Amino acid sequence: MIGARSTGGLWLRIALGFAAGLTLLFLLRAIFFATIWMESDPQRHAVEAWMTPRYIVRTYGLPPDRVDAALGLPTGQSPRKPLADIAERQGLPVAHLIAAVEALRDEGERQPGGTGSPGANAPGHSGPDSKRLGGGSGE
Amino acid sequence: MTDLLLLAVTDYGVLVIFVATVMSCLGLPSPASLLMMAGGAFAATEDLDLWTVCLAAFLGAVLGDQSLYWLVRRGGGVRLWKWLSARKGAGRLMTAAEGFLDRRGGWAVFLSRWLFSPLAPYVTLSAGATEMRWGRFTAANMSGEALWVALYVSLGYVFTTRIEEVSETLGSVIGLLSAGLVTLALWLLYRQMRQNRADDE
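For the record, the sequence lines run as chains A and B.
Residue numbering for the first sequence follows this note's numbering, beginning at 1009 and increasing consecutively.
Residue numbering for the second sequence follows this note's numbering, beginning at -3 and increasing consecutively.
Just chain A, with the same shape it has in the complex (with noise of 0.2 angstroms):
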């Protein structure tokens, strides 16, 4: 009886033990992300595949026909769709519209009124991706 006693208090304090620690584990995690969350700049966020062109003009403050047309859609039809979605419909490597669009960022930073901030030619290729994208209609 003592025997059964004893060991449903050891199992106790081992839940106990479990829990408390999972308590700090998630005070620690909440203190990393809130710590991310406030440090981070939506507009240095990285350009995915999942973003909508309207996500983009939100995210990154961008005209909605300048990113149209560095998508190659029609002036004002932007797609409800992801860029992936839109990449296979051209036919493209959806790197391609994610260059197009982190070129179009960066340009609008580097121009006076846009954010500015240092350091914003990111993953080096886009310039000559977004002229291309944007001039040729994407077809």
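Certain hints may be false.
Here are the computed distance ranges between Cβ atoms for each label pair [unchecked claim]:
no., chain 1, residue 1, chain 2, residue 2, range
1, A, Ser1048, B, Leu22, 31 to 37 angstroms
2, A, Asp1049, B, Arg132, 46 to 52 angstroms
3, B, Leu59, A, Pro1101, 38 to 44 angstroms
4, A, Ile1044, B, Thr134, 37 to 43 angstroms
5, A, Gly1029, B, Gln188, 20 to 26 angstroms
6, A, Pro1050, B, Leu184, 42 to 48 angstroms
7, B, Leu184, A, Pro1072, 54 to 60 angstroms
8, A, Phe1026, B, Ser139, 29 to 35 angstroms
9, B, Gly87, A, Leu1035, 30 to 36 angstroms
10, A, Thr1083, B, Ala135, 48 to 54 angstroms
Sample of chain B residues at the chain A side, in silico, Cβ under 10 angstroms [to be verified]:
no., residue
11, Ala37
12, Thr157
13, Leu182
Since the hints were made in silico from the structure, they are not lab data.
Only a predicted model underlies this, so the values are computations on that prediction, with no experimental measurement involved.
No residue lacks a Cβ here, since even glycine has one placed at the ideal position from N, Cα and C.
Guided by the hints, dock chain B onto chain A, whose structure is given.
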């Protein structure tokens, strides 16, 4: 992984959000919170319709909860609970849990839907197994789920461009609260056990 999930939302729309909340409420691993926030964010950019996002998430959550409740209640959960309650070790814990659900079950269901959301499936299991009145369960469940959906979709709508960071931070805070609550409950139980042992001796 997050990128693939967000891609699924933009590809398949609210259907992904519906499936995610059903799975989450059934206790299956599912990034429902992140996807609801994504739904809110894409509603803000007018890629998705706000009310459709809310409705899909809410209906998924209620369907998942009701399915789990009835599965346990009709699928042998009641007998299992009674069998466990009759056992020496777990019996005291089960009886205490049943007493708590009887007194505060509505609040437990309501708060576990949104504030202590990792605990929600376990509360639903207990509600089904202890045959909590269906009307009481449903009222608490629907109001809690409505708040859960409204909270996350609104956060996504407001923090459109930062959903990943907000989702990770909020997920950690909810995890912290839930783990903290379990720690507190276990500590109270441990203290009571020691007290009972001291009284016996």
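Against the structure, the hints come out as follows:
{"no.": "1", "hint": "A/Ser1048 <-> B/Leu22: 31 to 37 angstroms", "verdict": "holds, 33 angstroms"}
{"no.": "2", "hint": "A/Asp1049 <-> B/Arg132: 46 to 52 angstroms", "verdict": "holds, 48 angstroms"}
{"no.": "3", "hint": "B/Leu59 <-> A/Pro1101: 38 to 44 angstroms", "verdict": "holds, 39 angstroms"}
{"no.": "4", "hint": "A/Ile1044 <-> B/Thr134: 37 to 43 angstroms", "verdict": "holds, 39 angstroms"}
{"no.": "5", "hint": "A/Gly1029 <-> B/Gln188: 20 to 26 angstroms", "verdict": "holds, 22 angstroms"}
{"no.": "6", "hint": "A/Pro1050 <-> B/Leu184: 42 to 48 angstroms", "verdict": "holds, 43 angstroms"}
{"no.": "7", "hint": "B/Leu184 <-> A/Pro1072: 54 to 60 angstroms", "verdict": "holds, 57 angstroms"}
{"no.": "8", "hint": "A/Phe1026 <-> B/Ser139: 29 to 35 angstroms", "verdict": "holds, 32 angstroms"}
{"no.": "9", "hint": "B/Gly87 <-> A/Leu1035: 30 to 36 angstroms", "verdict": "holds, 34 angstroms"}
{"no.": "10", "hint": "A/Thr1083 <-> B/Ala135: 48 to 54 angstroms", "verdict": "holds, 51 angstroms"}
{"no.": "11", "hint": "Ala37", "verdict": "holds, 7 angstroms"}
{"no.": "12", "hint": "Thr157", "verdict": "holds, 4 angstroms"}
{"no.": "13", "hint": "Leu182", "verdict": "holds, 4 angstroms"}
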